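> Sequence:
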Amino acid sequence: MALPHDTEHLRFRRMTPADLDEMAKLLGDPAVMEFYPSPKTREQAAAWIAWNEDNYAQYGLGLWILETHDGDFVGDCGLTWQRVNGELKLEVGYHVSPAWQGRGFATEAASASRDFAREHTDSSELVAIVHPDNRASSRVAEKIGMRRVDDDLGANGSVRHVLSMRLRSTAGLSDADHLTE
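At position 122 of the sequence shown the residue is numbered 122 (the working numbering), and the sequence of numbers has no breaks.
What the hints contain is simulated information worked out from the structure, not anything from laboratory work.
Mixed in with the good hints, there may be bad ones.
[To be verified] Pairs of lysine-lysine residues, derived as DSS-like cross-links and limited to a Cα-Cα distance of at most 27 Å, are as follows:
1) Lys40 with Lys89
2) Lys143 with Lys89
3) Lys25 with Lys40
[Stated by the list, open to error] Simulated restraints, written as ranges between beta carbons of each label pair:
4) Asp150 with Glu34: 18 to 26 Å
5) Asn156 with Pro30: 13 to 21 Å
6) Gly145 with Pro37: 22 to 30 Å
7) Ala99 with Ser124: 32 to 40 Å
8) Asp70 with Arg166: 18 to 26 Å
9) Asn156 with Leu88: 14 to 22 Å
10) Ala99 with Arg168: 34 to 42 Å
11) Gly104 with Leu153: 17 to 25 Å
12) Val149 with Arg118: 38 to 46 Å
For clarity, every value in this text was computed on a predicted model and none was experimentally measured.
Quick reminder that beta carbons are idealized off the backbone N, C-alpha and C, glycines included.
Go ahead and model the full structure; you've got the sequences and the hints to work with.
Structural data, given as structure tokens:
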């Protein structure tokens, strides 16, 4: 399976069950999960890993583990298919451990994931689904070229902002292709 290219500070690798301790700590951290309904339990973190392994198998992408070049755990970042107002869209997502926040790593990883989407998917659009109060996450999406285009109702009825960008030109598509986007 292809991975995003290494960046100046980070490398990507597949998430595995061996990452449970680090992922449980990350997804169980109230600061990291501030804009989610609640932090995840260890069992939910294990399910998160399994979901990503399924995404790798089915789509050749998912959220990947972020590490420094020295092998220090930073968080996760990558691409998943999400429902946005009833339509399946390719989303970039990211979580960075508090110890590594504020260094531009989410933007660096999201940029590499955006480039991976351009190189390895047929998707013409990339989105980020962000809680309206999560300015840090919105800024990451904006820094990689996204702009707010819509709102989406989450499964629990909450409103989420949808930021979006084109991954490639649609000039070569027929009118019928434009109707299916």
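> List in ascending order the numbers of the hints, as given earlier, that are violated by the structure.
Hints 8, 11, 12 are the ones this structure does not satisfy, whereas the remaining hints hold.
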